[in-house]
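Protein chains in written order, with our numbering: chain B, 3 to 335; chain V, 380 to 796.
Do not rely on the hints blindly, as some may be mistaken.
Quick list of in silico lysine to any residue cross-link-like pairs, SDA-like style, CA-CA up to 20 Å [said to hold, decoys possible]:
no., chain 1, residue 1, chain 2, residue 2
1, V, K402, B, F31
2, B, K30, V, K402
3, B, K122, V, K577
4, V, K402, B, A172
5, V, K577, V, L565
6, V, K402, B, H147
7, V, K402, B, V300
8, V, K662, V, K402
Examples of chain V residues lying across from chain B (beta carbon under 7 Å, computed) [said to hold, decoys possible]:
no., residue
9, D391
10, A394
11, R408
The hints are simulated quantities; they were obtained by calculation from the structure and are not laboratory data.
For each residue, glycine too, the CB sits at the ideal point set by N, CA and C.
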Amino acid sequence: MSDTEREPCLGLDIGTSRIVLARRAQGKFDFQAQLNAFVSIPFSKLTHKVLKKEGVPHKVRGPEILIYGNESDRFAELFHVETRRPMLHGVLNPGEPDNLELLRQIVAGLLGSDGKGGGKLCYSLPAARLVSGEEVKYHDAALRHVLAEFGFELRSIDEGLAVVLGELEASNYTGIGISCGGGMCNVCLAYLSVPVLSFSLPKAGDYVDATTATATGEGATRVRLIKERSFVLNGRAPDKVHRALTVYYEDMIRSLIGAMREAFSEARRLPRLDRPVPVVLSGGSVLPEGFRERFEGVLKESSFPVAISEVVLSPDPLHSTARGALMAALTDM
Amino acid sequence: MAPGKRPRADIDQRARRIRDPIKRLRFLRRVMRPRPAPVPEAAARQYQFYVGDCDTDDRPAPVPEAAARQIPLSLLMGGLFLVFAGMVSVAGRVPAPLPARVPAPLPAPTARPVAAPPQEAPRLWLVEKTAGGELYSNGLRVETQRATSTRPRLYRALPRSSAQDRDRRWRTLPAGIVFHASESELASFEPERNGLLKRQVLGLLEYAQRHGLYHYVVDRFGRVHRIVEESDVADHAGHSLWADTGWIYLNLNASFLGVAFEAQTEAAAAHSALSPAQAHAGKILLEILRGKYAIAPENCVTHAQVSVNPQNFRIGFHADWARHFPFRPLGLPDNYRRPPPSVALFGFGYEPAFFDSADLELQASLLGADEQVRQEAAGRSMPPARWRQILHRRYREASFQTIRERAALTEAPAPQE
Numbered sequence: 003m004s005d006t007e008r009e010p011c012l013g014l015d016i017g018t019s020r021i022v023l024a025r026r027a028q029g030k031f032d033f034q035a036q037l038n039a040f041v042s043i044p045f046s047k048l049t050h051k052v053l054k055k056e057g058v059p060h061k062v063r064g065p066e067i068l069i070y071g072n073e074s075d076r077f078a079e080l081f082h083v084e085t086r087r088p089m090l091h092g093v094l095n096p097g098e099p100d101n102l103e104l105l106r107q108i109v110a111g112l113l114g115s116d117g118k119g120g121g122k123l124c125y126s127l128p129a130a131r132l133v134s135g136e137e138v139k140y141h142d143a144a145l146r147h148v149l150a151e152f153g154f155e156l157r158s159i160d161e162g163l164a165v166v167l168g169e170l171e172a173s174n175y176t177g178i179g180i181s182c183g184g185g186m187c188n189v190c191l192a193y194l195s196v197p198v199l200s201f202s203l204p205k206a207g208d209y210v211d212a213t214t215a216t217a218t219g220e221g222a223t224r225v226r227l228i229k230e231r232s233f234v235l236n237g238r239a240p241d242k243v244h245r246a247l248t249v250y251y252e253d254m255i256r257s258l259i260g261a262m263r264e265a266f267s268e269a270r271r272l273p274r275l276d277r278p279v280p281v282v283l284s285g286g287s288v289l290p291e292g293f294r295e296r297f298e299g300v301l302k303e304s305s306f307p308v309a310i311s312e313v314v315l316s317p318d319p320l321h322s323t324a325r326g327a328l329m330a331a332l333t334d335m
Numbered sequence: 380m381a382p383g384k385r386p387r388a389d390i391d392q393r394a395r396r397i398r399d400p401i402k403r404l405r406f407l408r409r410v411m412r413p414r415p416a417p418v419p420e421a422a423a424r425q426y427q428f429y430v431g432d433c434d435t436d437d438r439p440a441p442v443p444e445a446a447a448r449q450i451p452l453s454l455l456m457g458g459l460f461l462v463f464a465g466m467v468s469v470a471g472r473v474p475a476p477l478p479a480r481v482p483a484p485l486p487a488p489t490a491r492p493v494a495a496p497p498q499e500a501p502r503l504w505l506v507e508k509t510a511g512g513e514l515y516s517n518g519l520r521v522e523t524q525r526a527t528s529t530r531p532r533l534y535r536a537l538p539r540s541s542a543q544d545r546d547r548r549w550r551t552l553p554a555g556i557v558f559h560a561s562e563s564e565l566a567s568f569e570p571e572r573n574g575l576l577k578r579q580v581l582g583l584l585e586y587a588q589r590h591g592l593y594h595y596v597v598d599r600f601g602r603v604h605r606i607v608e609e610s611d612v613a614d615h616a617g618h619s620l621w622a623d624t625g626w627i628y629l630n631l632n633a634s635f636l637g638v639a640f641e642a643q644t645e646a647a648a649a650h651s652a653l654s655p656a657q658a659h660a661g662k663i664l665l666e667i668l669r670g671k672y673a674i675a676p677e678n679c680v681t682h683a684q685v686s687v688n689p690q691n692f693r694i695g696f697h698a699d700w701a702r703h704f705p706f707r708p709l710g711l712p713d714n715y716r717r718p719p720p721s722v723a724l725f726g727f728g729y730e731p732a733f734f735d736s737a738d739l740e741l742q743a744s745l746l747g748a749d750e751q752v753r754q755e756a757a758g759r760s761m762p763p764a765r766w767r768q769i770l771h772r773r774y775r776e777a778s779f780q781t782i783r784e785r786a787a788l789t790e791a792p793a794p795q796e
């Protein structure tokens with residue numbers, strides 16, 4: 003047994019839409035995920051009793067019941083309400099006063115018996131935005147406060163770097179890792195595992211959902227469910243929701259590549275790369291079929307300042323960041 | 380070639396040889412971690428190494444005639460060897476006549492050598508001492524029938540900072556421990572082989588005693604045998620060096636204890652080189668030694684980490700425990716992570732075969748130390764090879780200083796503890 007396996011090590015991807023926990027047992031990676039969302043329904047004793055009986059994660063807060071995690075989607079459809087998010091654009095949502103408490107509950111549910119103290123935990127953080135990065139500092143401090151309660155030795159990792167560590171073993175952890183999540187896209191260029199340049203862009207899946215919802219008159223949650231179940235990014239759209247999704251996905255991809263081109267062009271100290279580097283795409287927003295091809299097409303059209311060898315889709319896009327965070331915990335702490 | 384390009388390519392290639400992704404990533408993150416920027420020249424002189432005035436000339440300083448007369452033959456031979464090594468290391472250069480300047484006479488050693496006071500170890504004590512052995516409160520039993528005396532330990536460490544120079548004193552207590560492997564023939568560890576196993580131990584102990592090789596031998600049954608008295612010098616480390624945060628120790632026979640495990644580390648299946656009994660005995664022996672002499676954990680290292688060859692300025696002349704030494708089970712930090720001072724401070728290199736056989740953490744430390752030397756050279760706007768030559772010269776200066784001081788000591792009254 004290696005040293006790393008003797009001590010419990012965990013990787014935690016705290017994303018705007020999902021929280022994913024990665025463990026390693028007997029040489030294999032194991033993942034658990036919960037939606038980072040909740041719905042609020044009116045309190046009644048009967049509802050409370052039923053929720054307890056069914057084991058639905060919830061919390062009573064005055065006149066309402068907050069149902070959080072994976073069950074929030076089902077209850078949102080059932081009660082025709084929108085899910086709410088403890089986080090927004092990659093950081094804590096200032097409009098939700100219970101954001102930290104809900105995060106604590108969701109994380110506690112994922113940790114289970116591992117949350118009783120000891121071990122090492124590496125959690126993901128968004129990179130600073132191109133314009134301003136101050137909000138990440140508060141987000142980090144608040145998360146650290148919550149996670150410290152579980153008794154772990156803590157370390158944070160840039161989300162884009164986590165993607166590199168999780169996916170780019172073949173290139174010796176050299177390349178560009180991109181995580182397109184709900185709240186933001188995170189980008190990191192790493193060289194032999196060392197982050198060289200990273201940034202985030204607050205335009206990702208939630209932006210696509212919200213703008214599509216506005217354009218079509220549908221609810222954002224329903225748009226998201228349509229996107230996840232049937233959307234293909236191939237230019238052919240059977241209805242207005244799919245047409246709008248195509249438009250806003252295209253906008254997101256172009257914004258992302260434009261931001262990358264700008265950031266890489268202005269970077270002062272890029273390493274001399276002796277060969278083209280790969281780009282790996284991960285996160286929930288890269289799941290629609292055709293995303294990789296469209297991204298690659300737009301990238302080729304742009305005069306990108308770094309030579310790219312290939313654009314690959316992570317084989318497991320929803321778990322890339324958590325996997326990379328776990329790799330960091332296993333190797334760096 | 381652009382500065383820094385080749386080393387990074389090396390790192391890339393070496394990492395690709397590591398098949399386990401976690402080990403590979405750990406290796407990369409160790410090697411590639413940010414290092415402090417090179418310090419300015421003036422500050423660097425003060426911080427990194429200090430052995431008195433340093434010439435810019437590569438020639439070794441002359442041995443004072445008066446002192447040379449007092450140098451024992453073995454030390455004199457060693458000195459001549461180092462002179463030769465210094466000459467051959469500057470390829471193609473014809474040795475110039477020795478400078479006329481004669482170093483100032485060395486101050487006489489203080490009458491009473493002082494070593495660091497031992498830390499209190501309230502829970503560890505000698506319970507019983509008999510003709511055949513010693514029993515300690517942590518369960519350690521030391522077989523003392525073979526204990527022999529050689530010559531008393533006496534050494535001076537070199538300060539890493541000029542500010543410490545005034546604290547430089549003769550010491551009689553060990554500053555560290557070097558772990559060895561006997562690399563002797565080992566039968567399979569089975570009850571059917573009892574007779575052979577015992578004969579092998581006996582042969583090892585007799586050999587070690589005859590040559591005064593180690594202070595302790597821990598056999599495969601977990602028995603701890605004292606070979607050389609702790610107060611004396613054992614011939615265990617040869618040309619070697621190590622450094623902690625404050626001091627540099629050259630040729631560790633005098634300054635470090637030698638603890639040998641009956642083990643083979645160069646065999647392919649060395650991963651579990653120690654028997655459970657041996658590991659336990661090693662752990663409680665370390666508890667006693669570290670408690671008795673206040674030995675810092677960073678000064679508990681393996682022979683492979685400290686062994687050097689001054690003739691070709693390569694490390695790993697002896698390669699026992701270049702990998703798989705169980706630091707953590709013995710209650711120590713993983714000292715493979717410490718960059719060998721021979722490389723970082725004196726510009727020693729290493730053979731590819733040694734690198735390939737080394738522990739992953741040691742490999743990372745070697746590459747990190749290399750990178751440090753390159754950065755220092757870059758900070759001085761000189762090629763790394765030139766900077767290495769200067770570091771080599773510092774090593775030779777330090778060696779000569781040690782020799783001179785030992786020689787001068789023979790004229791002074793015997794120091795008292």
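### Message
What's the verdict on K122 (chain B) and K577 (chain V), does the C-alpha distance respect the 20 Å limit or exceed it?
### Response
45 Å, violated
### Query
Under the criterion of a CB-CB separation shorter than 7 Å, is R408 (chain V) in contact with chain B as hinted?
5 Å, holds
### Message
Run the distance test for K402 (chain V) versus F31 (chain B): straight-line Cα separation, threshold 20 Å.
### Response
15 Å, holds
### K577 (chain V) paired with L565 (chain V) [C-alpha distance capped at 20 Å]
10 Å, holds
### Query
Are K30 (chain B) and K402 (chain V) close enough, with their CA atoms no more than 20 Å apart?
OK: K30 (chain B) and K402 (chain V) at ~15 Å, within 20 Å.
### Message
Run the distance test for K402 (chain V) versus A172 (chain B): straight-line Cα separation, threshold 20 Å.
### Response
It holds: about 14 Å lies between the C-alpha atoms, which stays within 20 Å.
#### Entry: 20 Å Cα cutoff - pair K402 (chain V), H147 (chain B)
Given pair K402 (chain V), H147 (chain B) is violated - Cα atoms ~31 Å apart, limit 20 Å.
#### Entry: Agreement of K402 (chain V) and V300 (chain B) with the hint, judged by alpha carbon distance not exceeding 20 Å
36 Å, violated
### Query
Holds or violated: is the Cβ of A394 (chain V) closer than 7 Å to a Cβ in chain B?
5 Å, holds
### Query
Against chain B, with CB atoms and a cut of 7 Å, does the hint on D391 (chain V) hold up?
For D391 (chain V), the interface hint holds, since the closest Cβ of chain B sits about 6 Å away, which is under 7 Å.
### Query
Given the hinted pair K662 (chain V) and K402 (chain V), is their alpha-carbon gap at most 20 Å?
Roughly 26 Å between the alpha carbons, so the hint for K662 (chain V) and K402 (chain V) is violated.
Checked against the numbered hints given earlier, this structure breaks hints 3, 6, 7 and 8; the rest are met.
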